[in-house]
Every structure is written in structure tokens, then in C-alpha cells.
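The listed protein sequences correspond, in order, to chains X and Z.
Residue numbers for the first sequence follow the working numbering, beginning at 724 and rising by one.
Residue numbers for the second sequence follow the working numbering, beginning at 724 and rising by one.
Because the hints were derived from the structure by calculation, they are not lab data.
Take every hint as true, because none was put in to throw you off.
Where chains are identical, the list cannot tell them apart; a pair therefore holds if satisfied intra-copy or between any two copies.
Computed list of lysine to any residue pairs in SDA-like fashion (alpha-carbon distance at most 25 Å, straight line):
id, residue 1, residue 2
1, Lys976, Phe736
2, Lys737, Phe783
3, Lys749, Lys949
4, Lys872, Ile754
5, Lys973, Ile730
6, Lys949, Tyr1025
7, Lys941, Asp765
8, Lys874, Glu768
9, Lys973, Leu733
10, Lys737, Lys976
11, Lys737, Pro1058
In this text the structure is predicted, and so the values were computed from the model without any measurement.
2 protein chains.
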Amino acid sequence: MQDKTPISKLGEFKLIEHLTHDFPQKNASTIKGVGDDCAVIDSPEQTLVTTDMLLEGIHFNLEYCPLKYLGYKAAVVNFSDIYAMNGKPAQITVSIGVSSRFNVEDLEELYQGLRWACEEHGVDLVGGDTVASLNGLVISITCIGSAPKDKIVYRSGAKPTDLICVSGNLGAAYMGLQLLQRELEVVHSVPNQSQFDQSQFEGREYLLQRQLKAQARKDIVEQLAKADILPTAMIDISDGLSSELFHICKQSKVGCTVYEGKLPIDEQTARLAEEMNLNVVMCALNGGEDYELLFTCNINDYEKLLPLDDVYIIGHIDKESEGINLASHDGETIPLQAQGWKNV
Amino acid sequence: MQDKTPISKLGEFKLIEHLTHDFPQKNASTIKGVGDDCAVIDSPEQTLVTTDMLLEGIHFNLEYCPLKYLGYKAAVVNFSDIYAMNGKPAQITVSIGVSSRFNVEDLEELYQGLRWACEEHGVDLVGGDTVASLNGLVISITCIGSAPKDKIVYRSGAKPTDLICVSGNLGAAYMGLQLLQRELEVVHSVPNQSQFDQSQFEGREYLLQRQLKAQARKDIVEQLAKADILPTAMIDISDGLSSELFHICKQSKVGCTVYEGKLPIDEQTARLAEEMNLNVVMCALNGGEDYELLFTCNINDYEKLLPLDDVYIIGHIDKESEGINLASHDGETIPLQAQGWKNV
Chain X
724 MQDKTPISKL GEFKLIEHLT HDFPQKNAST IKGVGDDCAV IDSPEQTLVT
774 TDMLLEGIHF NLEYCPLKYL GYKAAVVNFS DIYAMNGKPA QITVSIGVSS
824 RFNVEDLEEL YQGLRWACEE HGVDLVGGDT VASLNGLVIS ITCIGSAPKD
874 KIVYRSGAKP TDLICVSGNL GAAYMGLQLL QRELEVVHSV PNQSQFDQSQ
924 FEGREYLLQR QLKAQARKDI VEQLAKADIL PTAMIDISDG LSSELFHICK
974 QSKVGCTVYE GKLPIDEQTA RLAEEMNLNV VMCALNGGED YELLFTCNIN
1024 DYEKLLPLDD VYIIGHIDKE SEGINLASHD GETIPLQAQG WKNV
Chain Z
724 MQDKTPISKL GEFKLIEHLT HDFPQKNAST IKGVGDDCAV IDSPEQTLVT
774 TDMLLEGIHF NLEYCPLKYL GYKAAVVNFS DIYAMNGKPA QITVSIGVSS
824 RFNVEDLEEL YQGLRWACEE HGVDLVGGDT VASLNGLVIS ITCIGSAPKD
874 KIVYRSGAKP TDLICVSGNL GAAYMGLQLL QRELEVVHSV PNQSQFDQSQ
924 FEGREYLLQR QLKAQARKDI VEQLAKADIL PTAMIDISDG LSSELFHICK
974 QSKVGCTVYE GKLPIDEQTA RLAEEMNLNV VMCALNGGED YELLFTCNIN
1024 DYEKLLPLDD VYIIGHIDKE SEGINLASHD GETIPLQAQG WKNV
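Extracted from the complex, chain X is given alone in its bound form:
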């Protein structure tokens, strides 16, 4: 740990200046960023606000999650919520609590990841709070975005006969987590082993990437706009497909059927699930942290949906009385459970 800079050497104000000076502003709507009592934002459209808190030991494990990736993820999970409203993220505030275990270089790495995410998504860092913590690392990010009033997509607009669509594939982030946790147990249990056995990760790089470097699907929102499709309801999949289907159905007062055979599952996900004796469909339904978009569209948009890249039609909306169901490969209809990804 030599040559590292204790945080106390800089003090709060200098630390904030040091960490945030290299975030050039990208949005004309950012009138004032870091450095006053508030950030000031120009809002010609409606303003979207979302917030997420990540705690060390609960949401991330620094034994396998590099700080740069953690910073990246902490930002994009918020962008994902803005995209899920069919909006565009524009600003974030970043509050961090850090114990004395961390030094300035650690925080630089974390902010590198934040900058990386902000650059990819055209977002400005406009404020935050930097405080001491007694135990570990706390990150709380609020993201501000915008969308024209008539383009905002809520969870509540799904109607019977609407098509249910999902981007990307499901369960990969969950299997990435299972893999990392399994290998970490090996590291902890084998004497004199302090490194991961990299051979266990070969051919499974995609799963690690999905767990460690979450993507927010800006591209899907852009494709939908280009194709002139306005979803009737949308949500991002942070707690697993089942849980998000329940949110849409509850708020839209509808039921739904999704088809087991239509669930997009990557080959690496399927192979590792089999190896670990996990039911891959359960992983796809209940695994968290995919950050894909789940949305419903009027059936008249069917032709427009087909050419979209990486978008899959997995089912349809039913009347509320029909419930929330999975149609299995063998034709059975199984009621889904809203297991979610229990945080509390």
C-alpha cells in the first residue's frame, strides 16, 4: 500500500474537487454542476428522477468487483431506470461514504468508472456528497433525465393483447454471480491460494461481463424511437423477469402469459446452469441484475418490432383475471411467483 494517499490528506473540499474536476459537461441543460448548494438544470421537457444505493457486502464484493467496474455499474443502473421511462439521462449526483480502508487512488478508480459510464451515456456529474463511514463503502447515486411529456412510458399502460418484449437475454448476470461466488469460496477454502483459478472463467467471459459490467439499454430506446414504436408499458429488469412482470401487471391491472420457449437465454448461461444443477428457466425468470428492458407494445406494432435488433417477443398481456403465467414447453400453464431479488 505504499505511495497511496490517505483521504485525510486532501480533506473534503479538495477531495471533491480532485475527483470531479475531470468531468467535462456535455448537456446544455446543465446550467451549474458541482460547486454550489445545488446543481441547476434547465428543463424544457418533463424531468425524470431515480436513485439507487449500493452498500459494500450487500450489493457488491470488492474481492471480485474492481472499483472501476463498481463505479460504472453504480451509474448505469440509474441510467437504466431513466431508459425504462423512455427518457434520456442527463445528470447524476454521486454521494459516497468511505471508511479509512480506502485511499484517494481507490476513489480515483471508482470515479474512472463513473466517468466511463457518463461518457458512454452523455451524462454530467453535477454534485454529491463525500463523507466518512465507519464500515466499508456506500454509494448513493441520483440520476436526472428528461423526456417529452407524451413520450414517457409508465409501468401502468399495458392492455390485454399487447405483446410482451424483452431486450438481450436473461439470467446471465445471475450466473456470473454464481460463478464468482463459487470461485471465491475456493479461494477462501484452499490454503495458500489467494488468486482466482482463471481457467474456471474461460468460455464464461460473457457471464462475468454481464455481472461486473452491467449495460443500460440506451440502444433499445433509440431503436424504438427510430421505429416509431411507443411502448405501452416499460420497466428495467433489475430484480428478475418475474418480479418485473408482476409490477407491470399490478400497475396496469392486467394478467399475462410468457412462453418458456421464447425466453432468450445465452448459451453460456444455459451451460453453467446445467453444470451447477440449476434450472436455467428459473435463473432466467428470477435472476437479478440483467438490466434489460421489459416492455409491452400494441399488437399493431408487431411488424415494426420484427426488424429490431436484440428484441424478443416473449408473450402477451391477458385480462387481469387470467393471472400471471408461464406457458411451459409441454403446454402446461404455471402461475409465476414474484420472487424478486430480496434486498431487505
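Go by the hints and put chain Z onto chain X.
Quick look at chain Z alone, frame taken from chain X:
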């Protein structure tokens, strides 16, 4: 602890619903509150955003700070930042991390305090995040407010000859903290004593109130508007007068002189400082958490300032080259130090 409800009994979604259902919306600008991926806010004016994070053991001690007051304070310290821009707070998001030491009734108490603050200031709770923590309580609040573009007051507008004004009085919250910490040490050091010696608090209720129930000075912002005074610069005093003067002077590229004899100090503050052998002027200059407003006004506003209630003129802005100074009782000029209220 009998009859208390473990948080796990409700689960995340039901807990959020339980805690937030009793927050009626007050602002027409709140289009969508809790219950979607984002809150949606209508913004005809410019949007102000501020955020604060409070960690148990660093920012608050539940041995003397009741959860209801903590909730109240966590909200109003954010409102104070919005008022410091001459804005009006309208929405908050509340993220909390809670360890298993806390139960549902504890969180209800915390949210009672949040509701109390929101009612007093006309603010809507529009979202947040509720997560488990391994250690203690974490509260991260983001507040959204607004102001017309030409009424926003930054830290950067002070000009030489401007008057420096402060609301309320200084150092009381700091002395309240000293008192609570002293009495807590007694409780910890005396065998078989588990209660505070209430007689120590008699005649010092104001200090406790200033420490435990911070006020955000909505009334000052309203008075300024009524008197048709637009401050040239403004900041709220969270880290102590000295530190905030440095912020205004640095960002406005000016110097200043404040007069020792003009610093508003309450009698209880002065008496306890003397008893504890503390220099009361140092307490007024460097004690944190007053949440009063510090602002500068054009000297032509002098006549308009005089009738304002609880506003004190404490000095004037100088050229940058003259530095940041305290004019003492005996006519000496002492350069001020930006001690601040070190969090990191």
C-alpha cells in the same frame, strides 16, 4: 423489544409501500411519485438538485437523537440547500440502508420525521431505495426544487461593498452537540446510570433544539422576496460561518470583513461556552450545523434589509486582495481560517 415487526416480515416492496403510502402529494409539479422506475416532475422553471448522505456513528448518534428527529433533520438539511439558491423545495427521494438491528416501527418513526419536514415545507416524497446494510443506518436524500432563472442566487455573485448578512444566530447547534456529548460520556462512565441527567439540560433547551431539530430558513427566503431583495450571493451555514465565507469569497473572487461584535450569538450559547471554557466567537465562526442563511446584498438594499426579522448585517465584501478577515472587538484585523466541519 416485544411486539416489534422485523423488516424481513414485510419484504422490500411492501415495506416501501407501508412507509410511503401516507405522504399525500402537495405539488402540481409532481406528476408521478413513488411506484415506477423514476419519479416524473413538471419543470416550468429551472430545476435545483441537492443531495446529502448521513451515516450512523458519523453524522448522528441514536443514543441521543430520536429517529423522528433524525428523519426531520435529514430532510431539512436538503431543503436548506434549496433555500440557499433562493429556490423552493418540491420533491425528495429517500434512500435508506438498514441493518437487522432496526425494525419496521423504527422506520415508521424515521418516516414520521420525514413527513413532518415535508408537511412544513410543502415537499413531496417521490421515490427512493430501501436496502439492507451490514452495519447501522444510512440515509441518503436528494431534494429537487425550482426557481425562476433570474431569481437563482449562486455563491459567485458577491461584489466589493456588498453587505454580508446572516439569519438567526451562530454556534448554538455546535454547543448543543457539546452538551449532548458531555452528558453521554457521563452516562457511559457512571455505573448503573443509563439515563441522561435531565437537570443538565434545563435552561439549555434551545441548544438541544438547534442540534436535534435543525430548521431550514424558508421564512428568510420568503421575507427577502417580499422585501424585493435579491441577494448577490447566498449559501447555507452547514460547516460553520468561516468555511462558508471562504466559499462565497473564493467563488465570487472577493475578500471580506466580518465584525466580531456583530456576530449574532444566543445567550444560552454564550453561557455554556463560558462554562465549558470554549471561546464563543470560535464556536460561532466554526461550529457546524446551524443551517442559517449567509448572504450578500448590494449596499443600496440597506434600507430594505433593516425591517427584516431575524436578519443581521455582520460585515461587508472587500476586494479579493484584502483577504478574508475578522475585525475584533479591540480593532484588530485577524485573517479567518476555513476550518470547516471535516467529514472526511
